Every structure is written in structure tokens, then in C-alpha cells.
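Engineer: Each chain is listed here by its residues.
There are 2 protein chains.
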Amino acid sequence: MIEPKILKGFRDSLPRQEIARRRLTGKVERIFRLFGFVPIDTPAIEYAEVLLGKGGGETDKQMYRFRDNGERDVALRFDLTVPLARYVAANQQSLCFPFKRYHIAKVWRGEKPQKGRFREFYQCDFDIIGSDNAASDAEILILIHTCLTEMGIGSFRVRVSHRGILSALLESLGIAEKNADVLRIIDKLGKIGSSGVEEALIEAGISSAAAHNIMAFVSSDNGTFPNAISMLREKFGDADFICRLEEIHSILESVGIADEFILDMSITRGLDYYTGLVFETSFLDYPSVGSICSGGRYNNLTGLYTRDSLPGVGSCIGLDRLLAALEEIKSPVTNNTSAADVMVARTESLAPIAEKTALTLRRLGIKTDMYVADRNMGRQYAYAESNGIKYVITSYVDGKYQIKNTETRESSEYTDLAEFAAAATLGAATGQTERQQTDKR
Amino acid sequence: MIEPKILKGFRDSLPRQEIARRRLTGKVERIFRLFGFVPIDTPAIEYAEVLLGKGGGETDKQMYRFRDNGERDVALRFDLTVPLARYVAANQQSLCFPFKRYHIAKVWRGEKPQKGRFREFYQCDFDIIGSDNAASDAEILILIHTCLTEMGIGSFRVRVSHRGILSALLESLGIAEKNADVLRIIDKLGKIGSSGVEEALIEAGISSAAAHNIMAFVSSDNGTFPNAISMLREKFGDADFICRLEEIHSILESVGIADEFILDMSITRGLDYYTGLVFETSFLDYPSVGSICSGGRYNNLTGLYTRDSLPGVGSCIGLDRLLAALEEIKSPVTNNTSAADVMVARTESLAPIAEKTALTLRRLGIKTDMYVADRNMGRQYAYAESNGIKYVITSYVDGKYQIKNTETRESSEYTDLAEFAAAATLGAATGQTERQQTDKR
Chain A
1 MIEPKILKGF RDSLPRQEIA RRRLTGKVER IFRLFGFVPI DTPAIEYAEV
51 LLGKGGGETD KQMYRFRDNG ERDVALRFDL TVPLARYVAA NQQSLCFPFK
101 RYHIAKVWRG EKPQKGRFRE FYQCDFDIIG SDNAASDAEI LILIHTCLTE
151 MGIGSFRVRV SHRGILSALL ESLGIAEKNA DVLRIIDKLG KIGSSGVEEA
201 LIEAGISSAA AHNIMAFVSS DNGTFPNAIS MLREKFGDAD FICRLEEIHS
251 ILESVGIADE FILDMSITRG LDYYTGLVFE TSFLDYPSVG SICSGGRYNN
301 LTGLYTRDSL PGVGSCIGLD RLLAALEEIK SPVTNNTSAA DVMVARTESL
351 APIAEKTALT LRRLGIKTDM YVADRNMGRQ YAYAESNGIK YVITSYVDGK
401 YQIKNTETRE SSEYTDLAEF AAAATLGAAT GQTERQQTDK R
Chain B
1001 MIEPKILKGF RDSLPRQEIA RRRLTGKVER IFRLFGFVPI DTPAIEYAEV
1051 LLGKGGGETD KQMYRFRDNG ERDVALRFDL TVPLARYVAA NQQSLCFPFK
1101 RYHIAKVWRG EKPQKGRFRE FYQCDFDIIG SDNAASDAEI LILIHTCLTE
1151 MGIGSFRVRV SHRGILSALL ESLGIAEKNA DVLRIIDKLG KIGSSGVEEA
1201 LIEAGISSAA AHNIMAFVSS DNGTFPNAIS MLREKFGDAD FICRLEEIHS
1251 ILESVGIADE FILDMSITRG LDYYTGLVFE TSFLDYPSVG SICSGGRYNN
1301 LTGLYTRDSL PGVGSCIGLD RLLAALEEIK SPVTNNTSAA DVMVARTESL
1351 APIAEKTALT LRRLGIKTDM YVADRNMGRQ YAYAESNGIK YVITSYVDGK
1401 YQIKNTETRE SSEYTDLAEF AAAATLGAAT GQTERQQTDK R
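Here the protein sequences come in this chain order: A and B. My numbering numbers the first residue of the first sequence as 1 and each following residue consecutively. My numbering numbers the first residue of the second sequence as 1001 and each following residue consecutively.
Derived from the structure by calculation, the hints contain no laboratory data. Since we're looking at a predicted model, the values are computed, not measured. None of the hints are false.
Beta-carbon label-pair distances, calculated as ranges:
1) S309(A) to K1400(B): 35 to 41 Å
2) K54(A) to K1330(B): 41 to 47 Å
3) P352(A) to R1233(B): 18 to 24 Å
4) K1400(B) to D60(A): 55 to 61 Å
5) G174(A) to K1400(B): 51 to 57 Å
6) G1057(B) to Q62(A): 28 to 34 Å
7) G152(A) to S1094(B): 27 to 33 Å
Note that the Cβ used here is the ideal one computed from N, Cα and C, for glycine as well.
Go ahead and model the full structure; you've got the sequences and the hints to work with.
Structural biologist: Have a look at this one:
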């Protein structure tokens, strides 16, 4: 006999987890599609050379890389960004630009498994490729605002910044060449605190005066978005990045959602491929949740694979983190993960019409399970309860269905299944209510 | 620069293909859920030992097998059946039996790529684990009937048989030990024809009289399901498999769908793990499509991983084949793959309200793309047409939207976007119509 074990860092998804995950991805997909974003997919396995790109990063060591049966040097994708760059370069002729795509798929990283870190997990990316202007930046931010609103986790803020700000600051301090180091260090602010950042900056060879200056700048509270813009303008004049931020803000105002956006100079995003707008999100009532949507503008994504310049702006949703947050607040997205609404029991009186009863309910749009094993009623109830099934049809006598509510343990009698469905607000009716609730924005 | 090439046998999924694929899987998932089946997922990478099982099959050579960074002998799953067996054994305590699950996921096989054969493809499996009776067999068949009906590819037949039939026949001919060979050979009937099968049987060491006898038996037309049962009973008496088939048939009759099921002794399914019911499907108007749903009963699936006996019955849907068929008949599932219903153009008059216009439409449930690049109207129209977007909002003057239909090239004027949505039967209204059409069974 073989032990049915799985690899460390990998997970089986149990039905209730998988129902919640699919419901969440269904919800965000619906929003992506409403915004005219289209889905794509790429191979899980690619040439290692293609996935490595210029290489040298942390990810190289974590990549699942091996020789296939034809001795080709291949690897499993470790993110959806590199495959996107390769995909856009390879399919340039077949795509319409600006290309708005989303991609929800698994990626693999052989990193040390630890709490909350897995070797196989989902990423959910969305990007606009092929335009560099405030309209595309704002479109991504509006999409994020819609997603976060729909999640129902309460008030949130999208903290926005621009790579140009820090560049201008470092230039004014005469240390422009330290840009990449400073970005990476400031990105750790949440983890190591402002004194930690200041120390790290000094360790990176920045004078203590400059380090102090940088920290004071990025952690200053500049009030509203327009106030922060005024401050930047005073300090840096009429720089391009200030006009871009102003334009983005005015679009957000035009759709009445500017209040949830703040300009936060401490947002840098560690990765060095961002070139303009950068952002993170936070839930006001659940600060521990961390950023659910982070991202920004990158203007040389496809440079490795094609000579055409294809600027982009995009973001990703942390599905696992979001699922955990939704579970914590007992959201309907993760909460009602019942396998079905109704179960038709396997009893003598029901036997001749069991399948017909189930099919009638299914045709009414009601999720209906038919108990198919030969077990006593105790076992059948236990099954219904474990599966979160609220109603059990227990018998059919003299043209009447006996239907038991597993929550209240009360029974009712019905001659007509449609009548029961209406009384229990199940099926098409409820289905629509659920949809409308989902649709409400 | 790196050439953005992908591995042979792998595919990029372009937006229109991906939209169609997701719409199809959404459709079948909805049916699975209506039947009380729940989704699961398993790791793409598992211990090679676990995936190989007892091994020795064709699949071993095709497996993507390698050493991970920790020198573990691992492999990518090559089907969803072996992972199901491992999953059920590993999670037995957390699952409710009978366990009805579906699993739609990618699998990988390093076989020689050829037309229509890929090294990475989706499988879509659904099974009931934990009961061995006619009720579970019939439940799977009713589910398949519902799926095929919903596809709208016209009349179809589910061709059913039972492994017991051929066993009984071979026993009566005194060649019971040839069972596995005979199953495998008869499974090729569609490919090599009856004379080919007869030859192959003789090559396998069966006398020409017996071979002829077998062929005559499996290719005889026994009329209706009840007629075929009578024939079997005359020949083999009151065997268990006859009672099982009869019971299944009576359940199908009780729900009024027995007409689409025929008893066809030539259905064997090549794989040796089936132990009872076996079936395939065919579309009467599109015989070239082949079987979309095949499967059967296997009573020792988990035997390799646990001592508990867990009988099962299940099937899979050939998604790629089904997609091709739907495309051929220009089904709405694969046909309307537009990225959005409406595009808001980027023009001077619209600029101040473009995002607000888009958001209003999106809140009405209308898929709305906002053109974000700085290009002339010609390029913007081309974009809308390439993306299959029917309406383009081109200007906003004196409180009136000009809206162009890209199919008829006609323009209309609206002051109210909700009025336009109603006139164009878009959004919530249409959404519901589409849903109801989908719901109709």
C-alpha cells in the first residue's frame, strides 16, 4: 500500500474551501468582465530561459526547473507577470491594444514552506498593456475600488504614490544613484518601522542627515490628496509626475470615489520594474489583513521579448489573503458553503419517485442532492448536516412530501414542490436575489 | 533578446478561446452544483510514487517526472483519477460519503504532440465515491443526460453496457482468462472495424469460431433497452449484472429520459479498472464529434492507498472536443466572445465624463470597455470591431450621447444611458434573459 501523502508546501482543497474560492474568483471575474477585461491562459510549463528572463533574482532559486522527456530545460511558471510579457510579445498580432487582460492561475515556488506560505498558490493579475496615460492608471484604480467595495469588508483606502517622487527627492539630496536601494528599504517600513528604515538607509551608505530627511519626507502626513499635491508642487515645481497624479485624481473625483484614495509617499513597492504610479490597499477596520491589491505602472515589461515598447499598468489581488479576511468577517462569500439546498433521502416511500423529485427541484434551479447509499436515516441526516444541507425530504405518503429543516429540526408537509421552493425562498427566486445582491454596487 | 516561444504541445489561450472555455466550464459547473456535486482541487505536483501507483502503464513514460529542489522524486499529475484516489484516502475523515465531487483542472502528458493532442490540457471529472448500487449509477447517467441536453447539440444517445456481459459471454465460450485482451480489442471497434477486431482477437489467441461469435454478439442490434435485457436474460439467466441494468433502466424511465439510452454490448472502455456499468455518448447529427462523456463503475479505485473499500462510479467530459463541436454548430456558448457590449470612445467631448459614463453602464450590469489610449477614431473603431464590441459611445454634446452600432454602422442619440441599455436590451435585462435561457432544461 502507498501512503497517500502530499508534498510539503502543497494543499488539498476540501469542498468547502474550494466552493468559497470559486465563489470569490467568480465575483472578481464578473467585475473584470464588466470593465471589459478579458481572460487569457498560458502554459504552466515553459522554457526555463524564457521564464528566467534576465534572471539573477530571488525567484531563480525557487523555480521548479527540470529537464523534460526530450531533455529540454524547462520550468514551472513562478508568477503570471513574466508569462504575460512573453505572451504579449508572442501574440502581438492577434491582440487588440490597449490590451486589458486578467489571468487567474496557479504558480509554483520551491521556497521554504512556512505558515501562510505555500509552494503552490493562485495568483490573480489584471493589467492594461499598450498605453501610458492617466486614463489607464485611473481605470486600474477604479477597478480596484469596485473590487474592494464589492468585498464588503468595510471602509478601505488605496494608498497611492509615484516613483517619480522619490527619484526627485533623492536627486535633490544628490544621491540619485541610491534609488533602487532606497525603494527596497522603504518598502519594509511596515515590518521594521521608521527607525529600522533609517538605520538600514545609513547601512546602505546614505548619510544620517539624508536618511533622516528621507524618513521625514515619506512619513509626513500631507492631509488630503490635493494638499499633498500642493506640497509636492512647492517642493519639486511642475514635474511630470505631479501632473500625472493630479490628472489621475481628477478622474477619480469625476466618478465620485476620490475620498478613498490618499497620496502616501511611503508606498514604493519593492520591485524595481515599476516606473510610475504605485499603490497598495488597506482595510480601515482590519489593518492586519494587509494589502489585498498592490501594483503600479511598469513601462518596459515586454522589453526582453520584443523591440516594440509596450507600457503597462496593473495589479494583482491576493486571493488567499482575501479569502482569509472574508472568512474572518463571516462574509456570505465564504460562509455558506453548503453542498446543496435540499437532499432527497433514500427511504421506502420516496424510492419510486426519488430521482423525479430531485430532477423537479433541479429544474426549479434548486441545488438538490440525492442520497444514493443504502444507509439508515440517522446516517442520512448526519450526511445532510455535515454538508450544510438545510432541507431533507424524508418521505412521500398520500401525495404529500415530508420535509425536515435540519437547522430548526421542524418538519413541514407539501403536496407541491414549487410551493415548498417558494416558501423556503429557494431556487430561481433566491438565485436571483443572490445575484441582485451581488450585482448591487 | 529572448525569443518568446512556447514548448511544442503547449498552447497560449487567446481571449476569445478563453472566454468560450470559461463559459463552457461555467455551464457544466452550474449543472454539477445543481446535482449536489462539490468541487475539489489537488496539487499539480505530487510524489512520483503516489502518482505512479502500481505503475507499468503507458502513462508512466509520458509523465513529467523530475527531482525537485529538495531532491524529491516528484511528478506532474497526468490525470485526475489517481489524485482523486489519493485525495479520498488522505481526507477520508473530512469527507461525507457518498462523496460526490467534480474536478476541472489541467493535466500534463509528455506524449508526442500531434493534431488535436496536447501535452497540457484540461480534464473535467465527476464521480460518486462510496456506494455501489443502481441509484448511484443512474444519478451519473441522469447528470450526463442533463449536461448533453444543455449543450444544445441536438439529439444524442448514451450507449450503456456492463462489464459483466462480456465476462459472462467469455465464460460461456470457455475463455474467461482472455477478458482484459478482449475488452481492449473491442474498444477499438470504431477505429479498426469489425473485421479488424475479429483479426485482432484471433491474433490474441482466440479461436476464429469464438472470435466470430464474440463479434456477432457485440455488434448485434438488440432494439430497445428492454428488448436487449430480455435477450441477455435468455442467454445468461438471472445474473446480477442483468438485474443492475434493469434497475438503472427503470430509474431512467421514472424520470422520463430512458429513450436516449441504449444497451450497446460493443461498449467496453479499454481501461481495466472498470468493474460494472460502462458508457459512451454520441450526437446523432454529429457522429464525427465522438464520445463527449465516457466512464463507468470502478470498485477498487482507492485500493492502493487505503484498506477501506470505496466503490465509485464516474465520468469525464471531453472539454476540448466539446468546445470544438460547439464552435462547429456556432453555439452561443462559443460564438459571442466579445470583450464587452459597449465601448466608451476617447474623444474631446467625452473626456470629462468618460469614466463616469463607463461606471454608470457597469452599474447597470453592462460590460463596458473604456478606450484608454490616445489614438484617432479610426483606430478606436478598429479596436471595437476586433473585440466584437457592438456599441461605441462616440460623443457627448448638449447632454446627448451619440452611440454607434458597429454592426449596422448606424448612430442613435440618447440623453439617458438606462434608456439606451433598455433599447439595446443590454445589461441586467439581457443578463437575465441569457440566464433564463441557460436555466431552461
